[in-house]
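Protein chains in written order, with the working numbering: chain A, 397 to 589; chain B, 397 to 589.
The hints are simulated quantities; they were obtained by calculation from the structure and are not laboratory data.
Don't take every hint at face value.
Identical copies go unnamed one by one, so any copy, or any two together, can satisfy a pair.
Calculated pairs, DSS-like style, for lysine-lysine (alpha carbon to alpha carbon, straight line, at most 30 Å) [claimed, not checked]:
#1 K432 / K582
#2 K463 / K432
#3 K582 / K517
#4 K517 / K463
#5 K482 / K517
#6 K463 / K482
#7 K463 / K582
Quick caveat, the model's predicted, so the values are computed rather than measured.
There are 2 protein chains.
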Amino acid sequence: MTDGGSVKGEIVASCEPLMPPGTFFVGGHPIAGTEKSGVEAAFATLYQHRRCILTPTEATNPEALAKVERMWQIAGSDVVLMDTFKHDRVMGAVSHLPHMVAYSLVNAVGAYDRCDENLLKYSAGGFRDFTRIASSDPVMWRDIAVMNRDALLEMMDFFAGWFADLRRLVESGDSRGLEQFFASSKGYRDGIG
Amino acid sequence: MTDGGSVKGEIVASCEPLMPPGTFFVGGHPIAGTEKSGVEAAFATLYQHRRCILTPTEATNPEALAKVERMWQIAGSDVVLMDTFKHDRVMGAVSHLPHMVAYSLVNAVGAYDRCDENLLKYSAGGFRDFTRIASSDPVMWRDIAVMNRDALLEMMDFFAGWFADLRRLVESGDSRGLEQFFASSKGYRDGIG
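Chain A with its partners taken away, still in its complex shape (with noise of 0.2 Å):
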């Protein structure tokens, strides 16, 4: 048996103890989607060359494992390895961590009432880009929040921290280290292409 959930540490913890004997739970996870949910926002390409963690432990069998793999490999995916907390921290960190962001971002701006109109109105592409993910499901990024709470706790503060720094140089003006700060920023994003 395995999943496809956003999140593993739980989910496999919970699942594994459960197996009748002979029979056994691989924990899984296609890092594929768009801001779309359900069977009706699937296309035949989805999983094509993206990565698929898999994240056995130490009680897996070698064969179940193998079969998962298989699974994952014919539907296109390059399948990656990795324990649960570190699958957990990936995804907080990656993809938890900016959708919790992205739904800030848009109910600040949203809810900002200190002008005579609607400050939405003048988002351009940049900001739409941006946001697109905000417009994710609300029920499926509750049950992420939820379960992937240590993790994703760890990534806000990891964040809010850079973000403190950052509204400190904007507060004094400091040229030089707003610069260093950006340039840092630009040369991680873009070595991801």
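Mind docking chain B on chain A? Use the hints.
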């Protein structure tokens, strides 16, 4: 004389008194562009069907304003007039704040070192779209952050308040509150297409 800079308060306040008698400064800002900078990043349809904000003051000559307005209309823009204070808050919210958030997010994820490899390696399409603006020119954004300091600090604090609210919902595992937070944001976001 006009300009196309991203901040208007400081530019208009500085330039207006310098104009020789019989000449006028009209602050302008076309809301168009990509994460690329420089003349080479221009294309013929860049301004078509995009808003261009002009920020006349009480001292602005109506004919000078009409001339600049006409120039942007010929380029295909929809001209909007507002004062510099509002302009700097509008852009602080829908452009400058998202850039600060994106730069901070990429620095945070890039600098995270509690796993055995860099987490950016696992970034998928969502993260790439979300952080594209962190590839923007660090020098230009340094100047914007310095020039729009007051409005930007206001927006950064406003965002940080929403983000802290969300953190509390995650920490307490408040399913109902989380779903409402995400649904509110999705509502705003879906509204801008």
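Now for the hints, and whether the structure bears them out:
1. Taking the closest pair of Cα atoms, K432 and K582 come within 30 Å of each other both inside a single copy (28 Å) and across two copies (12 Å).
2. Within a single copy, K463 and K432 get their C-alpha atoms as close as 29 Å, which meets the 30 Å cut-off; across copies the closest is 45 Å, which misses it.
3. When the C-alpha separation of K582 and K517 is checked against a cutoff of 30 Å, the pair qualifies both within a copy, at 28 Å, and between copies, at 15 Å.
4. Within a single copy, K517 and K463 get their C-alpha atoms only as close as 51 Å, which misses the 30 Å cut-off; across copies the closest is 26 Å, which meets it.
5. When the C-alpha separation of K482 and K517 is checked against a cutoff of 30 Å, the pair qualifies only between copies, where the shortest distance is 13 Å, while the shortest distance within a copy is 40 Å.
6. In this homomeric assembly, K463 and K482 come within 30 Å of each other (Cα to Cα) only inside a single copy, at 22 Å, whereas the closest approach across copies is 60 Å.
7. Proximity of K463 and K582 under a CA criterion of 30 Å is satisfied in neither setting, with 41 Å inside one chain copy and 38 Å between copies.
Hint check: a violation occurs at hint 7 only; the rest are consistent with the structure.
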